[in-house]
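Chemist: On the provided structure of chain L, position chains B and X as indicated by the hints.
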Amino acid sequence: MTILTRSAYGEPGTSLDFKTGNWRSTEKPVHIHAKAPCHGACPAGEDQQAWFALLQEGRVEAAWRALVAANPLPGVTGRVCPHPCETACNRKALDGALAIHNVERWLGDEAVANGWAYPVEEPPADAPVVAIIGAGPAGVSAAYHALRHGMRARIFEAASEAGGLLRSAIPPTRLPRAALNAELDRVLSLPGIEVTCRARLGRDVSVEALAADHAAVLLAPGCQEGRDWDVGGSVPADHHEGLALLKEFMDHGQFPAAQRVIVHGGGNTAMDLCRLMKRFGVGEVTLVTASGLPGPDTATDDLINVVPRELEEALEEGIEIIPHATVNRLIMRGSKVVGAEVASLKKVPGTDGRKKRVTFEGTERVRDVDMVIPCIGEMVDPEGLHSWINRGYLRPSDHWGTLSDRIYALGDARGDRGTVAEAIGDGARAVAAVAARLNGGEATTDTRAELPASDLNPVYYPPAARSVAPKLPVSERTFEAEIEGDIGHEAALAEAARCLSCGNCLACDNCWTFCPDSAVIKTAELATDGSFYLFDLDYCKGCGLCAQECPTGYIQMRPE
Amino acid sequence: MREALEGSQAIARAVALCEPDVVAAYPITPQTHIVENLSELVAQGDLHTEFVSVESEFSAASVVLGAAATGARAYTATASQGTLLMAEVLFNIAGMRLPLVMTVANRAVSAPLSIWNDHADSMAVRDSGWIQLHATSNQEAVDTTIQAFRITQETELPVMVCMDGFILTHTMEPIDLPDRMAVRDWLPPMAFSRSLDPERPLSLGMLVSPDYFPEIRHSHHAAMQQALAVIEEVDTSFHSRFGRAAGGLLTVEGDPEAKVGILAMGSTVGTLRAGMAHYVEAGPARLITLRSFRPFPAEALREAVEGLDCLIVIDRAISPGLGGVLGTEVAAVLSQSARPPHILNHALGLGGRDIPETVYVDLLDAGRDPDAPRFSVFDADMTKLAPEDR
Amino acid sequence: MTDATRLAELRQKFGRVPEGPSDPKPGTVSPREAQPRFRGLESGHRACQGCGEALAARLVMECAGPDVIVANATGCLEVFTTAWPQSAWRVPWVHSLFENAAAVASGIEAAMKARGKNTKVLAFGGDGATYDIGFQSLSGMLERYHNVLYVCYDNEAYMNTGIQRSSSTPHAATTTTSPAGKERMGKRHLKKDLVSIIAAHHIPYAASASVAFPQDLQRKVRYAMGIEGPTFLVIHSPCPLGWKHDSRLTIDVARKAVECGLFPMVELERGSLSNVMPIRQVRPVTDYLELQGRFRHLFADDPRAEEERAHLQALADYNITTYGLTGGDPDNADTVGTAAVGRGGHPAGRLRP
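Residue numbers (my numbering), protein chains in the order written: chain L, 5 to 564; chain B, 18 to 407; chain X, 246 to 598.
Here chain L stands alone, though its shape is the one from the complex:
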């Protein structure tokens, strides 16, 4: 029995005896720990939101370390990746996606300049060793991730230098060799990684022999073999396949003479080729692509698969692009091309529900050209891989790259990849699978749901324009000088500040500030582990204010 106090006065804070938590009817607030869309979209598995969080705190080296936990080559990908992260960025709808690639590149360059150590240690001498075929981005990534999992890596590279397609097919205007070499050298010189160059598969090493004395064999040979190409049965005498032409140019600095060229294809090789040829002096360069250009009506799966800024720059430089089109027929004078018949084409749903490409009759037009260069992709060089090749590629059975018991396929050779970032991701994934198997378990993926833009509360993000990197004017673009410049420290941090922290706690204090019932308890002044606040469900009445006012969508009301 409560004894009445004189005139019924009350003692301070005694309302804590009255648990208002039982007022909640159906829902309570929860921290959802969702995946930021950039992270979800990154083929290399980077959690951009996480390293932006560290940058927001001004912890640059820590941000780099978080970045390289997934991708050891940020200086490279920051330059060459088509950054699907930016396409996925929720800030797109506010005032422009974050310039993630600029910041990534800046972080990579900072690490090189400051000599920051990769967060790995040399595995013990008797640690399991993985054999890796190919020192391209997939192979290098695999070797690096092997160290992260406590394994050693032995890479066999057919060329005289590591780098794979990064070196052979990406012009220095996009990826200066100094930047490439610096980052590659830093990774490949990590203790525990051993690289043997000029070691050809089928001649110097064999998959079977490697499998016998390594924990696993990771095949990342890339695609070196041109596809057969003809249009309506015609193959010109001076036929050049795109990638081969590009590689040749990179080695010798020469293109075959031509005044009007059609490049047929829709990837970065086609784009690089177009731009280099234009700069080399070809008067008219036209890209004919089956894909669409970026625009509000273009479906994601229809979009031309090139780095967006490359596309912009190509247009600046005067490259003509004919989207949704194909080369139907070559017009030959003898064995020489004098024209090409171009027709409109589009992907439309077929009767089986899958999309198919349809060329529309009556849209044919003829262009006068000297040369038609197909850039329609390459296949795996079958040498030493005959028993694994299936219709030109290795075609592993899963996400991890599994070909058989201890053999994995990575990167372009899989047949379903097309970017450096995917190759880097493959390296990480295959090694994770190997490590898990050695530990008697199974590798896991981040299955968190992605946070949709509709779950954000945009009012808390003041307008801030996307930072722009300096760029060489068209007139100064050569074959060597990097076209896009460095955004610099200040802009990088400003860009980081634009990160919305989708689905992850920003530690902004909104929930703590707005709870009318003091039912949100702060756990730390500043932290980045994702849990700064607790809900005191003894008192939470379930009003939903915290969820409504959470800028990042990290708090949501869920059934009890």
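Take these hints with a grain of salt, some might be off.
Unchecked claim - Derived, one-sided and incomplete: chain L residues facing chain B with beta-carbon distance under 10 Å:
| hint | residue |
| --- | --- |
| 1 | 6 |
| 2 | 8 |
| 3 | 237 |
| 4 | 284 |
| 5 | 285 |
| 6 | 287 |
| 7 | 288 |
To be verified - Sample of chain B residues at the chain L side, in silico, Cβ under 8 Å:
| hint | residue |
| --- | --- |
| 8 | 108 |
| 9 | 113 |
| 10 | 219 |
| 11 | 223 |
Unchecked claim - Derived lysine to aspartate or glutamate pairs resembling EDC-like cross-links, with alpha carbons at most 16 Å apart:
| hint | chain 1 | residue 1 | chain 2 | residue 2 |
| --- | --- | --- | --- | --- |
| 12 | L | 526 | X | 532 |
| 13 | X | 358 | B | 36 |
| 14 | L | 282 | L | 314 |
I should point out that these hints are in silico values taken from the structure, not numbers from a laboratory. Please read all numbers here as calculations on a predicted model, not as lab measurements. Every residue, glycine too, gets a C-beta built ideally from N, C-alpha and C.
Modeler: Same frame as chain L, now just chains B and X:
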């Protein structure tokens, strides 16, 4: 040392002797000189107090409420309309059991407008839960005021010191004001058990459900009953310190063998006392002075009327449709006596009507008249009324 | 930090002498006790879900306490915090009546002065207690220059008694005593311009604030706390029950009231406008009105509804023009006029110019 002082001035000086922390007042019409005198004392540096000149009597009561709640010694004064404007706050102060002293210079309540004395104002707030002490003279008012500060502290009940407006407040009398050091010595430093204090942050004035409301009211009533003893003790203590009592709960004088008694409050007692001295031929009477109207000293009253055949109760207020307030209450209390006297109740001096000494004779005459009404407005002249209003 | 330590610290800082502070209880400190802010208003109070007034009071107490005494007028805040024997207050608190909070606060302040204490006195009232019934005692308190911060929690009607209209109820809003019907479109009269009336007392500081902008609100409280003399703050505090909106929308509704211009955020010193919170992007009043059931009748297919919407828009436009709410200082929009968040807490409110 005796000084010739106007009643209001004497009260101001008495209040100043008690060194209140906060004084708030509003000059409602009709007003007294109490607060003016206090202002003057503050202005002259004779009184160190926060003097708050408020914008209404409502705020006057509210200001001292706030001050009292912090454990400060607080004081205000009012009269008539002002008392009624304060009414809501007065109930609140008492319900919160706050220690506070207030002078009520009793005056009539309008309409019609009257600035003169009667008890309608304090009677209107008799159920507010305040202690109400009535003074018969300015000396008693001074002494009661000083005592009130000690009573309110000991009981944690607010004390209203009632003195007749004009008759006392505006009258010069020789007053013996106690020595300041003696009062400081006799009156303990202000202390309040539930003061607003950041060191012990209590909540006052909370919402109480029906589960505890009757207990709240019971405890208040019990506290008032216990205050009877405190009022007596404080008067006794005052007497032993200053050589003068102020009337305890009630006092009895006159002929102890008399079969007729007269009971009154306030300055009427002085008039009756003089009448009794002058008009011995009118016959003996026992004069009972009720000082403590709230709490009502039922036991003391039953003793005081023992042996009386007839008790005439003088009211200076009327509850239209019932009669006298005091008379009705006295009758109710005495109805529990073994041999209650026959009770007559007369309202006298309403709205400042002068009460002459001869009223003593007239009251006793009326008491002997078997046909006299049990209640009357005794000095009302029926010839002044239209027949239908009589 | 415990309340006792904070109290001692404040007194140290402001020259207030500690009077035997009680030591913090020994033993482990719960996360609730370890909160880095003062909880003047504790959990377990009985405000409705999403109560704007509870939030406003909590925000005020955080930066005003603990060395304060509160006088609280009758109303929701008083009732939902102090159902005996449970009090949600951790500061000395007194409730007397509906109309006398300012006078009670005056008395407390006079007592503090008499006893040489520096404890600041706060008076709290709703709009009924402030705009209407307690208006006189408030005016008296201001005129007598008591060192009191009066905070009016403005939810624009008598919510505690069942949503009756007050002089603070906006034009055309429905309440139980200003319903909409065949002959009426809600409240016929205007919302009283209280801040101007208060400012006309020539007091050092009077301001309006909103629960949607807590940093601005707390800056104003701190500023007022530092002033020796009467100060006044009216805080727009949505009432989900009375305004008829979802409890989760309290902040959204409050923010839109500011952003459309219907609730101007102003500061007046000695009666002169000294600062306004500029509106970053002015919204139409309908953005604000449509969220609330009390304005639902204004969206009926009825020419009178259209007229009233236009009237409210005109009132908002008037505020924007009169107070210059779109801001002359180009920097304003990025500082005080935003609800921006950053990692690790809100950026500190800009200091007054």
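Chemist: Each hint should be assessed against the structure and marked as holding or not.
Modeler: So, going through the hints one by one against the coordinates:
1. 6: Cβ of residue 6 of chain L sits 8 Å from chain B, so the hint holds.
2. 8: Residue 8 of chain L check passes; min Cβ-Cβ to chain B is 5 Å, inside 10 Å.
3. 237: Constraint on residue 237 of chain L not satisfied, violated at 95 Å.
4. 284: Cβ of residue 284 of chain L sits 82 Å from chain B, so the hint is violated.
5. 285: 85 Å, violated
6. 287: 86 Å, violated
7. 288: 84 Å, violated
8. 108: With a closest approach of 13 Å, the residue 108 of chain B hint is violated.
9. 113: 5 Å, holds
10. 219: With Cβ-Cβ at 5 Å, under 8 Å, it holds.
11. 223: Because about 5 Å separates residue 223 of chain B from the closest Cβ in chain L, which is inside the 8 Å limit, the hint holds.
12. L:526 x X:532: Violated - the C-alpha atoms of residue 532 of chain X and residue 526 of chain L are around 33 Å apart, more than 16 Å.
13. X:358 x B:36: 15 Å, holds
14. L:282 x L:314: Judged against 16 Å, a Cα distance of about 14 Å means the pair holds.
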